[in-house]
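Q: Can you build the whole structure from these sequences, using the hints too?
Each chain, written out:
2 protein chains.
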Amino acid sequence: MIDLKNDLLLRALRKEKVERPPVWMMRQAGRYLPDYIKLRNKYDFFTRVQTPELATQITLQPIDQVGVDAAIIFSDILVIPQAMGLEVLMEEGKGPSLPKVIQSEKDIDALNTADAAHHLKYVLDALSLTKKELNGRVPLIGFAGAPWTILCYMVEGKGSKTWDKAKQFAYTQPELAHALLQKITTITIDYLKAQAAAGADVVQVFDSWAGSLSPQDFKTFAQPYLLQISDAVSGSAPVILFPKGTWHALEDLSKSSASGIGIDWTITPQKARELAGNNITLQGNFDPAKLLAPIPQIKQWVKEMIDEFGTRNYIANLGHGITPNVPVDHAKAFVDAVKEYRQN
Amino acid sequence: MIDLKNDLLLRALRKEKVERPPVWMMRQAGRYLPDYIKLRNKYDFFTRVQTPELATQITLQPIDQVGVDAAIIFSDILVIPQAMGLEVLMEEGKGPSLPKVIQSEKDIDALNTADAAHHLKYVLDALSLTKKELNGRVPLIGFAGAPWTILCYMVEGKGSKTWDKAKQFAYTQPELAHALLQKITTITIDYLKAQAAAGADVVQVFDSWAGSLSPQDFKTFAQPYLLQISDAVSGSAPVILFPKGTWHALEDLSKSSASGIGIDWTITPQKARELAGNNITLQGNFDPAKLLAPIPQIKQWVKEMIDEFGTRNYIANLGHGITPNVPVDHAKAFVDAVKEYRQN
Numbered sequence: 000m001i002d003l004k005n006d007l008l009l010r011a012l013r014k015e016k017v018e019r020p021p022v023w024m025m026r027q028a029g030r031y032l033p034d035y036i037k038l039r040n041k042y043d044f045f046t047r048v049q050t051p052e053l054a055t056q057i058t059l060q061p062i063d064q065v066g067v068d069a070a071i072i073f074s075d076i077l078v079i080p081q082a083m084g085l086e087v088l089m090e091e092g093k094g095p096s097l098p099k100v101i102q103s104e105k106d107i108d109a110l111n112t113a114d115a116a117h118h119l120k121y122v123l124d125a126l127s128l129t130k131k132e133l134n135g136r137v138p139l140i141g142f143a144g145a146p147w148t149i150l151c152y153m154v155e156g157k158g159s160k161t162w163d164k165a166k167q168f169a170y171t172q173p174e175l176a177h178a179l180l181q182k183i184t185t186i187t188i189d190y191l192k193a194q195a196a197a198g199a200d201v202v203q204v205f206d207s208w209a210g211s212l213s214p215q216d217f218k219t220f221a222q223p224y225l226l227q228i229s230d231a232v233s234g235s236a237p238v239i240l241f242p243k244g245t246w247h248a249l250e251d252l253s254k255s256s257a258s259g260i261g262i263d264w265t266i267t268p269q270k271a272r273e274l275a276g277n278n279i280t281l282q283g284n285f286d287p288a289k290l291l292a293p294i295p296q297i298k299q300w301v302k303e304m305i306d307e308f309g310t311r312n313y314i315a316n317l318g319h320g321i322t323p324n325v326p327v328d329h330a331k332a333f334v335d336a337v338k339e340y341r342q343n
Numbered sequence: 000m001i002d003l004k005n006d007l008l009l010r011a012l013r014k015e016k017v018e019r020p021p022v023w024m025m026r027q028a029g030r031y032l033p034d035y036i037k038l039r040n041k042y043d044f045f046t047r048v049q050t051p052e053l054a055t056q057i058t059l060q061p062i063d064q065v066g067v068d069a070a071i072i073f074s075d076i077l078v079i080p081q082a083m084g085l086e087v088l089m090e091e092g093k094g095p096s097l098p099k100v101i102q103s104e105k106d107i108d109a110l111n112t113a114d115a116a117h118h119l120k121y122v123l124d125a126l127s128l129t130k131k132e133l134n135g136r137v138p139l140i141g142f143a144g145a146p147w148t149i150l151c152y153m154v155e156g157k158g159s160k161t162w163d164k165a166k167q168f169a170y171t172q173p174e175l176a177h178a179l180l181q182k183i184t185t186i187t188i189d190y191l192k193a194q195a196a197a198g199a200d201v202v203q204v205f206d207s208w209a210g211s212l213s214p215q216d217f218k219t220f221a222q223p224y225l226l227q228i229s230d231a232v233s234g235s236a237p238v239i240l241f242p243k244g245t246w247h248a249l250e251d252l253s254k255s256s257a258s259g260i261g262i263d264w265t266i267t268p269q270k271a272r273e274l275a276g277n278n279i280t281l282q283g284n285f286d287p288a289k290l291l292a293p294i295p296q297i298k299q300w301v302k303e304m305i306d307e308f309g310t311r312n313y314i315a316n317l318g319h320g321i322t323p324n325v326p327v328d329h330a331k332a333f334v335d336a337v338k339e340y341r342q343n
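Top line first, the protein sequences correspond to chains A and B.
Counted from 1, the first sequence has number 178 at position 179 by numbering that gives the first Met the number 0; the numbering is strictly sequential.
Counted from 1, the second sequence has number 123 at position 124 by numbering that gives the first Met the number 0; the numbering is strictly sequential.
Treat the hints as calculated values from the structure; they're not laboratory data.
Predicted, not measured: the structure shown is a model, and the values here were computed from it.
Wrong hints could be hidden among the right ones.
For identical chains, the list gives no copy identity; a pair is met inside one copy or between any two copies.
[To be verified] Capping the alpha-carbon separation at 30 Å, the derived lysine-lysine pairs in DSSO-like fashion look like this:
| hint | residue 1 | residue 2 |
| --- | --- | --- |
| 1 | Lys298 | Lys218 |
| 2 | Lys93 | Lys164 |
| 3 | Lys331 | Lys131 |
| 4 | Lys93 | Lys160 |
| 5 | Lys160 | Lys218 |
| 6 | Lys298 | Lys331 |
| 7 | Lys298 | Lys14 |
| 8 | Lys164 | Lys37 |
| 9 | Lys93 | Lys157 |
| 10 | Lys270 | Lys160 |
| 11 | Lys4 | Lys338 |
| 12 | Lys120 | Lys93 |
| 13 | Lys254 | Lys270 |
| 14 | Lys164 | Lys298 |
A: What follows is the structure in structure tokens.
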């Protein structure tokens, strides 16, 4: 066990006092980094994900180049459908697609939920290798997609603006939807526990399409599974839940076993604090499009964001993934601004 | 002047007592209707929009076939960029695109803001003709896109998940963004007043991408222009504002000169009422994906929705446009359920 030299993220998740908030960026290891693009031009997506040496190399890039306070393993949320037996294709620039979608009870019965650690050994190997290479510099974050978001892809077969088919499935065959959500939850719990055992210091659950649901449908089809995962995994590693676009659930989720909640920029820090209380650490919520503004402006906005969140119980981050068109020095300015933060 | 036989919509917007809430559906005239698809196969998009007889025919289809309490003119929000001098292409099934986008002060200076009624005479003719054909059966709704949403298309050149370029423009060149927003606002006010003069009983302003902005950026780049339009037009016709995804603005907007606010399904009716008070009529907020459920289930959900909103100061509608895959009898079931509503 190597002692962490920078444990800001873990202390923030434990709600301890910190000199300044920790900072990392969703999708920090990826397509805005020239060194990543070089690897992308050489190896296809799943080769990069499934080769521990490549995944580790990509995971480490933003640590050295941007200076974030945490590494997040380079992987994809759709490794879970793969582990469950579904084919997933990833066409560069076009997003993922699943040639065979889930439609019936028979489809769900055929899904595997066992041996996550065996099927996704390459992720665990990448975590162990990254952990070793990090050598205690910063904590390592593992992750998985939330059950509702994974269901969306499994039923829809590809990205969607409205997630019609996924919703039709859930609204018209709720028993099947719950059976599928439970299967995804079961394997995800095993997977996240295995990630913690392999070296993940923290795990984040991405519910990217949670915001497509009404508050009531979120409570029916998303929240129970997020809580189940959080309850089962939080003994192994602190859990951050990121159900994008669900300001309405903040109050409930703040009382959960999770250590942190990610929020996007469609809620003010003040309102988020008001809803979540100081029960939980909040993470976010910079609009990634703001990273396209001039550097002095970015730094000013970051300062204002931290002023509003406060330095306690807070992890500076974007409100969603960094976009490919962000210049690296702008990403670095975001991180630098957090590091330079001083309260007035 | 023909007396309206069904003036439920107007009475709801005046906050008068009604026997039951009025009901209409966003995109009710369009691609889920077989008779519309027949016309689509014969005439391209802008022919349908620019030929008053066709626009009228399409506008009337859901009145007879689905039984809604209002007609909304068949048109498009991108007629405003066209009237301002930009080319807009519409490829069936692929969404709109603008070959020349706005990038500079010079681009903005070159935009026309005069003679909306001349440039968009075909819309006004369609309104007059529809009004005549309706013969007082139900009120007629005119509409326009909100300035922020129109800016999104003018700067981005096409639809986007993140509206990066539009936001980059607004965040890095706010003076230019405000100049552009003001120009769009100016011509939109003239256009909506002309619509009222041509026969629109109500006008709705669609801010479809308002939800991509943070609460503060909405207050900067969207809200002032929505209010300007509402203040200028509400003397000519009642105004409904629909800034999708901006629950955070409900309280402010409820104090505006608008008669109604459209809301989507990511807020509960109770919460919306709590934020808006009874200052304003609320419109919405059925998840269009729920129209894919079995008819008895749709009817049950509609009943619950009205129970929650209450019958006063309320217009039953979807929370966004109806999707092409909705069976006509399901759309009709939605409307019927509102008409059959009885309080317990």
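Q: Checking an output row: lysine 298 and lysine 218, CA cutoff 30 Å. Within, between, both or neither?
A: Answer is between: at 21 Å across copies they meet the 30 Å cutoff, but 37 Å inside does not.
Q: Quick one: lysine 93 to lysine 164, C-alpha cut-off 30 Å, is that within a copy, between copies, both, or neither?
A: both (19 Å within a copy, 19 Å between copies)
Q: Cα distance capped at 30 Å. Does lysine 120 pair with lysine 93 within a copy, between copies, both, or neither?
A: within (27 Å within a copy, 40 Å between copies)
Q: If the cut is 30 Å between Cα atoms, do lysine 4 and lysine 338 qualify within a copy, between copies, both or neither?
A: Answer is within; shortest intra-copy Cα gap is 16 Å, inter-copy 66 Å.
Q: Please sort lysine 93 with lysine 157 into within, between, both or neither, judging by C-alpha distance up to 30 Å.
A: For lysine 93 and lysine 157, both the intra-copy (10 Å) and inter-copy (16 Å) Cα distances are at most 30 Å.
Q: How would you classify lysine 270 and lysine 160 at a CA-CA limit of 30 Å: within, between, both, or neither?
A: Both: 27 Å inside a copy, 25 Å across copies.
Q: Indicate which option fits the pair lysine 164, lysine 298 if close means a Cα-Cα distance not exceeding 30 Å: within, between, both or neither.
A: between (42 Å within a copy, 20 Å between copies)
Q: Checking lysine 254 and lysine 270: alpha-carbon separation at most 30 Å within a copy, between copies, both or neither?
A: both (16 Å within a copy, 20 Å between copies)
Q: When no copy is specified for lysine 160 and lysine 218, does a C-alpha distance of 30 Å or less occur within a copy, between copies, both, or neither?
A: For lysine 160 and lysine 218, the Cα distance is within 30 Å both inside one copy (21 Å) and across copies (25 Å).
Q: With identical chains, the pair lysine 298 and lysine 14 could be close in the same copy or across copies; at 30 Å between alpha carbons, which is it: within, between, both, or neither?
A: For lysine 298 and lysine 14, only the intra-copy Cα distance (25 Å) is at most 30 Å; the inter-copy one is 47 Å.
Q: Can you give me the call for lysine 93 and lysine 160, within, between, both or neither, at a CA distance of at most 30 Å?
A: Intra 14 Å, inter 13 Å, cutoff 30 Å: intra and inter.
Q: My question is about lysine 331 and lysine 131: at a cut-off of 30 Å on alpha-carbon distance, are they close within one copy, between copies, both, or neither?
A: within (24 Å within a copy, 62 Å between copies)
Hint compliance for this structure: no hint is broken.
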